[in-house]
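*Asks:* Chains as they are written, first to last, in my numbering: chain C, 1 to 319; chain S, 1 to 525; chain D, 1 to 302.
The reader is advised that the hints may include incorrect statements.
Here are some chain S residues pointing at chain D (derived, C-beta under 8 Å) [stated by the list, open to error]:
1. PRO43
2. ASN47
3. ILE69
4. ASP70
5. GLN73
6. LYS74
7. PRO398
8. LYS404
9. ALA437
10. ASN438
11. ALA439
12. PHE441
13. GLU444
14. GLN462
If the Cβ cut is set under 8 Å, some of the chain D residues that face chain C in the computed set are [as the list claims (entries may be wrong)]:
15. PHE63
16. LEU121
17. LEU192
No farther apart than 30 Å at their CA atoms in a straight line, the calculated lysine-lysine pairs in the BS3-like style are these [claimed, not checked]:
18. LYS442(S) - LYS273(S)
19. LYS195(S) - LYS158(C)
20. LYS35(S) - LYS52(S)
21. LYS221(C) - LYS178(D)
22. LYS504(S) - LYS52(S)
23. LYS254(S) - LYS65(S)
24. LYS113(D) - LYS25(C)
25. LYS289(D) - LYS22(C)
26. LYS435(S) - LYS409(S)
27. LYS69(C) - LYS346(S)
28. LYS254(S) - LYS174(C)
29. LYS52(S) - LYS158(C)
30. LYS138(S) - LYS409(S)
31. LYS69(C) - LYS35(S)
32. LYS65(S) - LYS174(C)
33. LYS22(C) - LYS71(D)
34. LYS66(D) - LYS196(S)
35. LYS66(D) - LYS26(C)
36. LYS114(S) - LYS52(S)
37. LYS129(S) - LYS435(S)
38. LYS120(D) - LYS25(C)
39. LYS178(D) - LYS158(C)
40. LYS266(S) - LYS113(D)
Please keep in mind that the hints were generated in silico from the structure rather than gathered at the bench. The beta carbon of each residue, even a glycine, is placed where N, CA and C say it ideally should be.
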Amino acid sequence: MTAETVKNNCRIENKKGNAMLKNIKKHRYLLLMLTPGLLYFVIFRYIPIYGVLMAFQDYSLKYGVLGSKWVGLKHFISLFSGGDFQLVLKNTVLISFLKIICGFPAPIILALLFNELKDGYYKKITQTISYAPHFFSWVVVSGMLTSLLSPSVGMVNKIIQALGGQPIYFLADKNWFVQIIIMSDIWKEVGWGSIIYLAALAGINYEMHEAAVIDGASRIKRMVYINIPNILPTIATMLILRMGSLLDAGFDQIFNLESVAVRDVSDIIDTYVYRMGVGSFQYSFASAAGLFKSVIGIAMVLLTNRIARRLSDGESSIW
Amino acid sequence: MFKRFLYIVLTVSFASTLLFGCGGKENLGSPDVIKWVGTPNMPVESNSMVQKFIEDKYNVQLEVKSITIDYYQKLGADIAGGDVPDVMFINEPQNWQPLVDQGLLAEIDQDFLKDYAPRHYAAIEQVDKTIWAAGMYKDALYAVPKIMGNEYNTVMVWRGDWLDNLGIKQIPDTIDEFEYSFRKFRYDDPDGNGKKDTYGLTGMGGSAQRQFDEIFGAYGIMPGQWKVVGDKVCNSTTMDAAKDVIALLNQWYKEELIDPEMITDKQDNVVEKLEQGRIGAIHTALSNVSMNHPQGRSKFESMKKTNPNSVIEQRVGKLPAGPSGQRGDWLWGPRSNFIVFGSHLKNDAEKMSKILEILDDINYDEETALKVVFGDRGRTYDYIDPEIGAASGVKYLPPFDTDKNARAKEGIGQQGFFNMLAPVSDWAAIDVANKYANADFKKENEELAYWGSYQDDLMRPQLPSSIRFQGDLDKLKTTAYSEFITGVRSIDSWDAFVNEYMDKGGAILEQEAQEYYVNYIKDIK
Amino acid sequence: MVKVQFGKGDKRFMHKKTTSDWVVNLMSYSLISLLCVTVLIPLWNLFVVSVSPVATDAMTFRFWPKAFDWKAWQGIITSEFIWRSFYNTIFRVVLGTAIAIIMTVLTAYPLSKKMLPFRKLFLIMVLFTMLFSGGLIPSYLLVVNMGLRNTIWSLVLPIAVSPFNVIIMKNFFAALPKSLEESATIDGANDLIVLFKIAIPMSMPVIATITLWLVVTHYNAWFDVVLYITERSRYVLQIVLREYQASKDPATMNLGTTEVVTMTPESIRAATTLFVMVPIIMVYTFLQKYFIKGISLGAIKE
């Protein structure tokens with residue numbers, strides 16, 4: 001290595017370093033804007049993160065994280081080796097996937113339809129009504145569903161019988177239960193979920209529509225070729241984020257609606273963990289279950305994000 | 001990039017663990033102040049009338065903390081922050097045993113308890129000495145057990161009008177009479193509407209305790225409970241006697257005497273089913289149907305008020321008697337919840353003694369009990385019928401009868417913050433509360449209810465492996481039983497069920513129960 | 001000065017109606033009406049249950065109550081405690097939402113710029129926290145050790161920035177047409193000015209959406225209040241309503257935990273559900289004008 005090369009290398013290094021500093025200075029306002037948020041994340045999200053270590057300990061309230069005994073993977077092992085874990089995992093993934101496949105498009109479609117309404121009272125009122133169910137608790141909704149689907153007095157079965165059929169005991173029927181879960185979840189969240197897509201639709205330049213109309217495009221064509229593509233980035237983002245909660249199949253809903261007869265299909269990770277008597281002071285076990293869900297969640301997010309990035313050239317993904 | 005990120009995260013976590021990871025410095029407060037965490041869900045304000053009363057009478061200072069929602073989460077958070085109460089309420093062993101493991105509770109010496117809370121001690125000895133076992137863990141007493149009251153007596157309630165329509169003169173009493181009536185309910189159109197839409201009975205499909213427990217009780221067995229036979233502890237769930245009753249229930253189901261909706265029926269809707277005429281008899285708490293209940297909780301009563309012309313008539317009867325004359329249903333047993341003490345109290349005998357003394361008085365001393373629970377006569381409460389006086393019962397005066405916050409300001413309440421030893425649905429020890437109880441209700445209680453109900457011979461113990469297995473075993477039991485009863489599963493596969501139950505932890509629990517029995521209970525008598 | 005106008009009216013309807021129009025109209029109006037009917041019936045039923053005498057009508061759908069018993073509503077409306085907590089709630093919602101939306105915008109905007117130094121690092125930082133958290137105890141200890149117990153800050157700061165919201169908003173910012181920003185930069189505007197004068201006005205729909213989400217989050221939040229607020233005079237509405245719901249049966253909470261017995265009278269639960277919904281609906285109605293579609297870029301070509 002000659003002195004010349006060394007000097008050149010140093011100069012290149014300096015240039016790189018200079019370039020970075022220059023970049024920072026150029027975008028100093030952006031970085032400034034970011035500071036409060038970053039501070040927030042460091043303080044309120046990253047400092048407490050040591051709590052995940054509880055999953056590897058027999059956590060004691062008295063001795064804290066530093067003082068509690070380390071037990072390695074003990075809690076994970078008891079999580080996975082509990083009698084029904086495989087079944088429970090399968091149910092969780094199945095229900096969650098079905099909810100995504102059926103339930104994810106629903107608010108999008110609703111938003112597209114709302115968008116087609118003429119501005120006015122009807123539109124405003126129906127929008128407001130549509131997301132009322134989001135505010136019902138599952139306790140309330142399950143009460144409604146139980147009486148609606150009752151094989152004896154429920155309206156649905158009365159209609160079935162009037163049409164000549166036999167009453168169906170929906171909530172005790174393994175074949176029907178999951179469908180009821182999916183449909184009621186959609187009903188509950190479709191209105192509220194459509195708001196974000198309405199916001200995305202609001203950002204579409206309607207000159208595009210004007211031009212399309214002049215070109216003779218029909219409403220349906222315009223919906224498909226203008227509206228949908230324009231909100232695709234939003235859809236992609238929502239989908240990626242949704243995949244993060246893949247192992248959340250809806251504890252509140254299932255806990256309230258399940259019955260003895262459908263356990264084989266309704267038992268999910270969260271009901272299983274709940275059954276293991278985890279309530280009070282068993283922080284380690286709950287922490288292990290939560291950590292498991294988080295790891296799977298982040299894997300799913302990364303995977304979906306990569307797919308979205310490939311498909312859209314970095315337009316629709318998170319980075 | 002990711003590597004750099006990982007380093008940053010690890011550094012920050014490490015740093016913060018050092019800063020915050022220790023258990024909080026124990027915030028014990030001054031030795032003269034009693035940190036009191038009372039009954040959950042009962043709001044109380046600082047420096048309430050009752051608090052001042054206690055402080056004056058016993059010469060102590062109290063620091064009250066009322067947790068009205070998410071009791072255990074909040075308590076855990078407080079303890080993590082170093083704020084360990086001196087005395088607190090915990091409902092079940094599965095919730096205080098972990099606290100013992102974590103070194104947070106003080107051991108209680110039974111003789112010490114006898115000295116400072118003599119009446120409670122005597123009450124436990126008198127009601128059932130086995131109750132002590134419930135508070136024992138690792139060979140020491142860590143929790144003071146409370147005694148259950150007698151409200152949870154259950155009865156059978158019949159559609160009186162149906163019985164009349166069908167010419168059944170007497171309220172069914174034996175299992176055979178029950179079966180006979182159910183058949184008539186199902187096939188003879190008791191409500192005269194021309195439709196075959198009535199059933200005899202329903203069950204609570206999802207309940208691990210109350211799935212047809214009144215029928216099991218007639219045959220001398222109560223699934224889900226530990227039974228001591230001789231010197232051996234057996235699990236009633238898998239005993240042959242249970243199988244016989246299930247076969248009977250299956251028979252009834254085949255005959256359509258049982259409502260198929262038993263799968264989803266729950267405790268809150270069975271009364272409606274009776275009222276709506278879907279079933280003819282239900283098994284429910286006396287308080288739900290008694291017209292004499294001091295708090296007037298009868299649903300039928302409120303129903304009659306809105307619809308006085310209704311033909312529906314309730315008739316209250318006893319639980320069915322089996323072939324050998326036995327009756328009964330699931331009883332939670334005389335042991336209720338617990339009071340525990342923070343571990344630092346093991347070095348502060350005086351504080352513990354004071355607390356015990358206060359609790360004992362509040363529950364067993366009539367004057368103190370009245371004051372703490374009801375307040376001042378004439379201001380916050382009065383006799384229901386002032387002319388009759390105490391025997392007519394007591395009630396709150398407005399606004400204390402409906403306004404929880406007014407009560408919170410005073411510190412009073414029936415299942416109140418301070419009267420932590422009170423039985424579940426009485427406001428003080430039974431002999432105190434009974435002086436102020438509605439005489440008719442008492443009579444009803446004695447005649448109809450509390451009829452040899454079945455309780456767990458081991459007082460519902462928390463065994464070392466309970467957390468691991470109990471939940472799944474309960475699930476197996478309710479599922480299998482339902483399937484046997486509805487015929488989805490043939491009763492011939494009973495042995496397979498028993499084997500499965502044992503494999504899934506039943507055998508281990510049985511062994512642990514045996515050890516528990518030998519350790520804590522066998523020598524108590 | 002660059003001015004942005006929202007589109008007025010809906011020019012798309014001003015042409016001859018074709019079959020496609022009829023189909024779309026039919027689909028939209030009928031499906032939406034169907035949805036609304038399926039919501040209105042239970043809503044109405046809830047109301048009926050809330051005024052029905054306790055425990056008589058819980059099981060069946062009724063179209064008209066047997067009798068009007070306003071006790072459940074009376075209990076809520078006449079409680080001075082509830083109104084005090086309502087005021088606390090409003091205070092928390094306003095402060096919390098204001099802080100959160102400002103911080104979310106300030107965090108999302110820089111992240112939407114591809115040339116931000118260390119951008120990927122920051123994005124990973126944000127995303128990671130969406131799925132990993134230390135849990136209740138460490139967060140609790142942190143807030144308490146910061147001395148924020150019993151203050152409004154314990155409710156407002158810990159959830160000030162939601163990673164989910166940041167990512168949504170960042171993507172919206174990234175999707176804005178670059179032309180306006182570029183011409184502004186060429187004219188000498190710095191990043192701050194671009195944000196405030198261009199990006200924000202053009203992003204009102206998403207800002208309105210996230211504001212709505214924040215309002216609902218703060219309005220519904222109750223667990224943090226349980227943890228950090230010890231003075232009953234500082235309670236929020238959700239806590240008080242939950243207490244009200246649980247108040248009717250003090251006996252049940254002491255039962256063994258293996259059997260969950262909920263004996264809350266249906267009417268109380270129904271009344272509290274309805275009571276909670278009203279303010280949110282009012283907020284949305286207020287925010288609706290920001291959802292008007294069709295930003296007219298044409299008006300900006302100056």
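*Asks:* Run through the hints listed earlier and report the numbers of any the structure violates, in increasing order.
*Replies:* Hints 2, 7, 9, 10, 11, 12, 13, 14, 15, 16, 22, 23, 25, 29, 30, 32, 33, 35, 39, 40 are the ones this structure does not satisfy, whereas the remaining hints hold.
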